[in-house]
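There are 2 protein chains.
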Amino acid sequence: MVNSTSTQAVSNRVRIQDSFWDPFMELVRGTVIPYQWDALNDAIADAEPSYAIRNFRIAAGLEEGEFGGFVFQDSDLAKWLEAVGYSLAITADPHLEQLADDLIDVIGKAQHENGYINTYFTIKEPGQAWTNLYEAHELYCAGHMMEAAVAYYEATGKRKLLDIMCKFADYIETVFGHEPGQLRGYDGHQEIELALVKLSMATGEERYVKLAQYFIDERGAVPNFFVEECKQRDGISHWSKKKQPIPTTAQVAYNQAHKPVREQEVAIGHSVRAVYMYTAMADLARLTGDQELLVACRRLWDNTTKKQMYITGGIGSTHHGEAFTFDYELPNDTVYAETCASIGLIFFAQRMLQLEAKSDFADVMERALYNNVIGSMSQDGKHYFYVNPLEVWPKASELNPGRYHVKAERQKWFGCSCCPPNVARLLSSLNRYIYTSSSEKNTVYTHLFIGSKARFELAVGEVEFIQHSKLPWEGYVHIELTEAPQEKWTLALRIPAWSRGRAVLKINGTLTTYDTMNGYALIERQWAVGDIVEWEPALEAQLTSAHPQIRANAGKVAIERGPLVYCLEEVDNKAPLASVSLVTAEKLKAAYEAGLLGGAVSVEAEGLVDEDASWSDDTPYRPLGLQKAAERVKLKAVPYYLWGNRGVGEMTVWIRQGSV
Amino acid sequence: MVNSTSTQAVSNRVRIQDSFWDPFMELVRGTVIPYQWDALNDAIADAEPSYAIRNFRIAAGLEEGEFGGFVFQDSDLAKWLEAVGYSLAITADPHLEQLADDLIDVIGKAQHENGYINTYFTIKEPGQAWTNLYEAHELYCAGHMMEAAVAYYEATGKRKLLDIMCKFADYIETVFGHEPGQLRGYDGHQEIELALVKLSMATGEERYVKLAQYFIDERGAVPNFFVEECKQRDGISHWSKKKQPIPTTAQVAYNQAHKPVREQEVAIGHSVRAVYMYTAMADLARLTGDQELLVACRRLWDNTTKKQMYITGGIGSTHHGEAFTFDYELPNDTVYAETCASIGLIFFAQRMLQLEAKSDFADVMERALYNNVIGSMSQDGKHYFYVNPLEVWPKASELNPGRYHVKAERQKWFGCSCCPPNVARLLSSLNRYIYTSSSEKNTVYTHLFIGSKARFELAVGEVEFIQHSKLPWEGYVHIELTEAPQEKWTLALRIPAWSRGRAVLKINGTLTTYDTMNGYALIERQWAVGDIVEWEPALEAQLTSAHPQIRANAGKVAIERGPLVYCLEEVDNKAPLASVSLVTAEKLKAAYEAGLLGGAVSVEAEGLVDEDASWSDDTPYRPLGLQKAAERVKLKAVPYYLWGNRGVGEMTVWIRQGSV
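Line order of the protein sequences matches chains A and B.
Okay, so the first sequence: first residue is 1 according to full-length UniProt numbering, each after it adds one.
Okay, so the second sequence: first residue is 1 according to full-length UniProt numbering, each after it adds one.
The hints are simulated quantities; they were obtained by calculation from the structure and are not laboratory data.
Keep in mind it's a predicted model, so treat the numbers as computed, not measured.
Some hints could be false.
Put simply, identical chains are the same to the list, so a pair is met inside one copy or across any two.
What the hints assert, rightly or not - No more than 25 Å apart at the CA atoms, straight line, and that leaves these computed lysine to aspartate or glutamate pairs for DMTMM-like:
1) Lys506 / Glu524
2) Lys628 / Asp572
3) Lys628 / Glu606
4) Lys395 / Asp302
5) Lys587 / Glu611
6) Lys124 / Asp515
7) Lys306 / Asp617
8) Lys259 / Glu398
9) Lys306 / Asp618
10) Lys243 / Glu48
11) Lys589 / Glu154
12) Lys636 / Glu604
Full structure from sequences and hints, please.
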């Protein structure tokens, strides 16, 4: 087994202390987790009920009733429990821990004798387990509960849920495989693969990695399992309850099962399924040293992030199947860019960083985190976007059915509510994404500039330091060594893509040159306690253009400032926003506004607004010559992640280029 | 009854002789009608079967079998028969007439004793007639067959189909109305209203107008008929065969039945239903002098054409329900702009012209005809667009489900094939759209500049002239009087909007000034046989911009030349077309190209193409400053109606404005 870099056991050794991120963590702990607890208990007025906890109580024999919600409803509860685990690791909360313990008792009671857990198949279709892997999400739900079990165990040391899920995993191991009588299947929605890796790490049981490997290796084998399984079911669909045409092998590309994963060339199909799978592939490539898998990971990473990713780190261009479409098709208005998909992309990036420290992975991770992901949640922590558009015309969202999925306002909860608990679990485990370390290379890599106290074990000994960061508002990072071994080791600092390579390093107040490798400044020296590293990546508002093949952004620019993508909102600018253009030859002005949504840097740009006074309402088209000169206007852009917190209005990330 | 202007009996007194239009008429006669006959007989290889004729043969007891196709399949056959009528009026064709006569015999045999005709309810749901007006298109199919009957009768003098349909109309009159035992219903898809007006004109039976008026007046009355009818059916839907939620009154806006027609403020719902209804409303306003109806027509005309119409004359912004969305929402790529809807808009325009000769109506009629409608048919007459996009990226049409409806190539035939026969019947009756006349005002209005021999009866006597036209390629019209009464009368010539009021008149070679009214040049004089009128509306390539509220076209221009909208095609320009911009400060050059798709004027513009050589495939986004200067390029635009006849490629009507 190779293990290039690692975050193992880092979780409880990195503690975030950061003026930008602390409020998010606190929001998750103080508001999101309790709010989502209410949601899971169907106690939010006017929101769609979840049924998730009720389902478990019914399956446990504690309550009578019908199954409610989607076939994958168990996973919402699992993701919540996982978030609770991470949160408890940060902040003790006996009341919350008691809620979780009680819930775990219920989960235990809902477990079958053989280890099986799934409330849908327990309540609604008993006896039908494993008959519809294609659609019914059993392994998906199992995977989420395994992740919860690991997180809860790591936070509290309590093994109950871990044991429950090991029992389930052991049972799954008997059901699937190449032996006679075993199903040569795999899940319709990948998730268990990455979860089994976590379970293996937490328990030391290598066979869970082997089971994950089985699922990954078997996927896309001939004859196609999903096609054969659908034939077995006579085409009866879980969703329509009717006979449907048997899918072709090409059609199961939706589930990334059209060919073996190592042969997959491009990101295709349902985007969350895809990135969850890529994450597990990267895990396995790292743990097994499988070079072919590594090559596939790199190829799929490149396609996903360089040809099918929005500037906000969103992926998935169409709401039909919540899916990728094809290279460079990134419409801003009919976009999907599901919150969960960007979270999965962050998982994938994290695993790639564990494989090899290349700043590209961290650049994408940061992009998705600071834009798509935190933008999905309202400032009150109680409203969420499932779809994260780059352009919104509220009336079109309301009246054009092709845009119904693009909400102009964050929603309270969703019937299919995968995203809110996913945000909660990511934010409460954010400490795991900041660093990786390589013991053999005696190197600590700093990927994200998030204030934190961090401790690592290198071959040369224990290292501890405190990072202070003024990101995302200023390009200033301050690291103070609090523990250092006698021997040399390397502190690697990411040179963010947005700095365009302009990052200044000072050590103990002295400007210092540095070597770079794969986008990191490598500072190898014999560090001493009290050493101060100052790291100043150039952070300024700048204009970004998109690849000419991305037709949706032709002739347009976006404003970025450090990790943040900016947008224009109607409330600050003249509507329709399509009428304004940005004078690219003139300077952008950034200013911190304490009163702007809790404090944020806004960016002012020189703009033009198309003259409209000469138009009558009754003239849809007229000779261009009648158009009077555009007027100068100041454009005000705000961070994308803050959009939609000041009432309903138009929003756009990409702005027409104008010239005077 | 008022009758401001009239096309009555004009059909057989205007004969088109025009170098641009004759090939279309000939295509319809020689290719489209025979091809569609084969299609209706399911004899086109690789095309979706129609079943339309087989259904009639089964209903007539001449064949055994199941009903095939949609519930409204009869209407395809009716529209074909109507086209045959118009075509026979132009060119005798004994073989075709025999086919039609034989078909009419079959239709007669499919008629029930009481007059009822509908193959779906005869074959598939006997006894269920009139139980699902909301969805089942019975009156719609009846209306189309009435139109066919009138056209066939006017062309051939044969009354058989006319009598059949009068019998059906008489029966319908007994079924619907306010009397006890009658249904207070109306059709889910408007069509019979305008057809009954035609039937009345052809037969002199005023009660058919009254029946049309009943349908129009009753529509949207409280309690809502469709809502109540759905309750009666317990919500069982024709389409899903399952119980569906009972629609709300607001939801039947889809069928324009949410409120009385006179109260409807904006074009809403299914666009073909809407314009067919508006057409009948205009007919009735003219025939009854109903001012309230006239006001509603004007209001709906204005909303449709000034706020919800594409520059190509297309209407309907979404394929979801083939419907209008709302003011100024006119996306170019996810567009619907159904061929039938533009044809319906032409009907509406024609009826508005019969009410009042205002050039605005004719401008829109011409726009829809020369662009959306003729662009829907391939040059071989055998392939059709149902959806007429203003921007096409073929790969997105193939791989983004939100654009599947936008075909990059014309299709052979459609399962729901309303559009191809609609094109055939419009083109073969085009002589009815060129002129209107007012006997009392002693005026002949020339709305379209299509070469033709035309004869009118005015109060002062018979008028006959020959129009020669060089449109759409040149702005030159030549009219020679061949018969004129002794007294004065007025020749009114439309001053096309595209001439921007610059139209030169010569009479017998002498430049002549003229009075204008409502967009027409009025030339009142004592005309003599041999008088020559030359009419030269300025026709030059020009750039057009869109209202600032039409967000999709912000910062873009379209090229128009006379009645023709132009577009860029990939075959002539650099792809992606989004990369090019048009230098608006420089002149457009138009040139006739004999070799271009049978001869057409193309337009060359100075353009810029975004530099792309400095982009790597692996860079989706980068600082704007890295972009090198755009390069000069010649753009070549071709008439929109000709797009897609030279292989599959990108196309766009709206082009980014560029400046050097």
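Status of each hint after checking the structure:
1. Only within a single protomer do Lys506 and Glu524 lie at most 25 Å apart by alpha-carbon distance; the minimum there is 14 Å, versus 91 Å between protomers.
2. Within a single copy, Lys628 and Asp572 get their C-alpha atoms as close as 24 Å, which meets the 25 Å cut-off; across copies the closest is 32 Å, which misses it.
3. Taking identical chains as interchangeable, the C-alpha atoms of Lys628 and Glu606 lie at most 25 Å apart whether they share a chain (19 Å) or sit on different chains (22 Å).
4. For the homomeric pair Lys395 and Asp302, the shortest alpha-carbon distance between copies (21 Å) is at most 25 Å, but the shortest distance inside one copy (36 Å) is not.
5. When the C-alpha separation of Lys587 and Glu611 is checked against a cutoff of 25 Å, the pair qualifies both within a copy, at 23 Å, and between copies, at 23 Å.
6. Taking the shortest Cα distances, Lys124 and Asp515 never come within 25 Å of each other, neither inside one copy (61 Å) nor across copies (80 Å).
7. For the homomeric pair Lys306 and Asp617, the shortest alpha-carbon distance between copies (8 Å) is at most 25 Å, but the shortest distance inside one copy (43 Å) is not.
8. Within a single copy, Lys259 and Glu398 get their C-alpha atoms only as close as 39 Å, which misses the 25 Å cut-off; across copies the closest is 21 Å, which meets it.
9. Proximity of Lys306 to Asp618 under the C-alpha cut-off of 25 Å is restricted to the inter-copy arrangement: shortest distance 5 Å between copies versus 44 Å within a copy.
10. Taking the shortest Cα distances, Lys243 and Glu48 sit within 25 Å of each other only across copies (23 Å), while inside one copy they are farther apart (29 Å).
11. Taking the closest pair of Cα atoms, Lys589 and Glu154 never come within 25 Å of each other, the shortest separation being 46 Å inside a single copy and 74 Å across copies.
12. In the homo-oligomer, the alpha carbons of Lys636 and Glu604 lie at most 25 Å apart inside one protomer (5 Å), although the nearest pairing across protomers, at 38 Å, exceeds that limit.
The structure fails to meet hints 6 and 11 from the earlier list, while all remaining hints are met.
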